[in-house]
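Spelled out from the first residue to the last, the chains are:
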Amino acid sequence: MAGFVARRLTSALLVVTLTSMFVFALFFLGPGNPAGPVCEAQGRCTPERLAAIERQMGLDQSVVTQYAAFVRGLVVDRTVVVGGEHTCAAPCLGISYGSRQEVTEELARRFPATLSVAVGGATIYLLVGVTTGSLAARWRGTTADRLLVGGSLLVSSVPYYLLALLAWIVLALQWGLFPGTGYTPLTEDPVAWASGLLLPWLVLGVAGSTQYARYTRGAMVETLGEDYITTARAKGLSPRRVVFGHGLRAAIAPVLTIFGLDMAALLAGTVFTEQIFGIDGVGSWALEAVRAPQDFPVLHATVLLGAVLVVVANLVVDLAYGLVDPRVRTS
Amino acid sequence: MTSAADAALAVRDLTVRFPTDAGDVRAVTGLSFTVRPGQTLGVVGESGSGKTAAATALLGLHDPRRARVTGSVLVAGTEVVGAREPVLRRLRGRSVAMVFQDPTSALHPFYPVGRQVAEAYRAHHAVSRADAAERAVAMLDRVGIPAARSRAGDHPHQLSGGMRQRVVIAMALVNGPAVVVADEPTTALDVTVQADVLDLLREVQQETGTALVHVTHDLGVVAETADRLLVMYAGRAVEAGPARDLLARPRMPYTWGLLQSTPDLGAREERLRPVPGSPPSLLTPPDGCPFHPRCAFAETVPGGRCGTDLPDLVPVSGETGRLRRCHLPEDVPLGEGQVGP
Chain A
1 MAGFVARRLT
11 SALLVVTLTS
21 MFVFALFFLG
31 PGNPAGPVCE
41 AQGRCTPERL
51 AAIERQMGLD
61 QSVVTQYAAF
71 VRGLVVDRTV
81 VVGGEHTCAA
91 PCLGISYGSR
101 QEVTEELARR
111 FPATLSVAVG
121 GATIYLLVGV
131 TTGSLAARWR
141 GTTADRLLVG
151 GSLLVSSVPY
161 YLLALLAWIV
171 LALQWGLFPG
181 TGYTPLTEDP
191 VAWASGLLLP
201 WLVLGVAGST
211 QYARYTRGAM
221 VETLGEDYIT
231 TARAKGLSPR
241 RVVFGHGLRA
251 AIAPVLTIFG
261 LDMAALLAGT
271 VFTEQIFGID
281 GVGSWALEAV
291 RAPQDFPVLH
301 ATVLLGAVLV
311 VVANLVVDLA
321 YGLVDPRVRT
331 S
Chain B
1 MTSAADAALA
11 VRDLTVRFPT
21 DAGDVRAVTG
31 LSFTVRPGQT
41 LGVVGESGSG
51 KTAAATALLG
61 LHDPRRARVT
71 GSVLVAGTEV
81 VGAREPVLRR
91 LRGRSVAMVF
101 QDPTSALHPF
111 YPVGRQVAEA
121 YRAHHAVSRA
131 DAAERAVAML
141 DRVGIPAARS
151 RAGDHPHQLS
161 GGMRQRVVIA
171 MALVNGPAVV
181 VADEPTTALD
191 VTVQADVLDL
201 LREVQQETGT
211 ALVHVTHDLG
221 VVAETADRLL
231 VMYAGRAVEA
241 GPARDLLARP
251 RMPYTWGLLQ
261 STPDLGAREE
271 RLRPVPGSPP
281 SLLTPPDGCP
291 FHPRCAFAET
301 VPGGRCGTDL
311 PDLVPVSGET
321 GRLRRCHLPE
331 DVPLGEGQVG
341 P
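Chains A and B are the protein sequences, given in the same order. Our numbering puts the first residue of the first sequence at 1, with every later residue one more than the last. Our numbering puts the first residue of the second sequence at 1, with every later residue one more than the last.
Next up, chain A with everything else stripped away, as it sits in the complex (with noise of 0.2 Å):
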């Protein structure tokens, strides 16, 4: 066990020095200068500014020398100059080109704003999501089960910005009933927390509740088909403890797998959840460093985020599996 954690986490370590190795590679050796930014909010950006302020940032030195500072400043604290110098404590992820500030101080401000509308939304999408496909399955075949299935088809069909955009529109700006959405830290007020994030928690919960229910539908139609299940039925076990003690039990495990990934995709920023409810949190970030003039430091950091999230996803489906599947375990 312990031999396989360390294996996952050496090739988990390699990914993501990879990811942030391409990502680097791919912003340096691309069209875009970041000193142009810098220069031109400096004046008259003449050619020889211009090279004068690239030589400071470091970015006539080669790609392989920069990754190596960058690289260094995760373990000690270093000086990096955007257009005047700034000192950046490790770990340091850069100085951000818009904003100037840490990147690592911001990512650690904006990161709770982004866990707490994946939490909320996945939670209620997963409950949401299992109970449904589970009576659906239960109910195989009969009237209920076809809306069930059709209401999740309906909503599923409706692209995810449409959906969080008409919410916001309709629910918050026409009726109301949504005051005060938007992102209040939750140690500074629980209740603003939970009252601002509730209209982003239901849009993210029911439309991503109809993948789960036609995942975990399908999965319990299969195992309410086992054998184990008439056995479960034989023993005079009620309806509701065969459905979910037996039958939902052996169907999980695949649907774990599933939100495991998909809980490390929201992590790592939710960006039109965001964006549409104002919520200043990771991915409306990313958006906001893709767009011309590019921030790098910012994109570099959310890209290495996603990567970190995505490994440490497989690794906790992978242990979470042996703890869901005895049979696992033991090979």
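Hint data in this document are derived by calculation from the structure and do not stem from the laboratory. From a predicted model like this one, the values you see are computed outputs, not experimental measurements. Here a beta-carbon is modelled for each residue, glycine too, at the ideal position from N, C-alpha and C.
Per the computed footprint, the stretches of chain A lying under chain B, defined by three or more beta-carbons under 8 Å from a beta-carbon of chain B, are: (1) 230-236; (2) 246-252.
Under 10 Å between C-beta atoms, here's a sample of chain A residues computed to sit facing chain B: (3) G141; (4) T142; (5) E226; (6) D227; (7) P239; (8) R241; (9) V324; (10) D325; (11) P326; (12) R327.
Based on the hints, put chain B in the right spot on chain A.
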């Protein structure tokens, strides 16, 4: 014959049909039998003879949306056919329990075996988890699982096939049911453990006085253990009677054919003679006696009645408790000697 009152299980005119787009599949038609406490009934038939559909109906396990079950199944005096789910739930596992064919698929792969036995007990007894677990360990020990206490924590995949079937048997017996239905309980097991499991079933039955319905395609398996036999063909009973008499003097060509096709290790020179042909479709059964297309004697019955009239299940004259469904005169010899143990 036993009256329904003192029987642990009384089945009267049981019919199971599965409606399909092409018509009804008549899995079981007009099946009747009774089993007294402590008695074993062997239900014998080829695959597709309706024996599993009948066994499933004994616990009311057919999905009412997919199967039409009519007739009567009285388990310890309670009607199963048409009973509502809460009634069935109290009955299943407590009054009538089932031992399944394949213990590997019958056990939940994710739960420890002890817990699965304990759950069957807790479904019918208001006891604590710990007490039920204790009871499960005792039961596992009773069915011959060594080191039952530590084995109770094992998952099914950690046990051998024979041990798994012992767990299934423990699960079926934990509530001391009046009736145990065993559907091909040894078919999925290695030959070496089949005898052990059969012995165990018989032993526990003698100890608890439960009535046992042993469904099998293998006459050899029930020849020694069953008190009475019921031979099914195309969803109907075609012959029934005390096991010893029926095996010694089969009175219906299908039973005789089954005996001929059962290997007997004692008789070396005897060649096995399989019953020619295959069982009829239950969707469109043949007119007359369902066995007539495969029956070597059908031609000898005057007027071709085998192909037009379904014979009734009637007592065999001069033999107590024997029934058969055949147009052949009773004195027509079917063949020489008994095959099988």
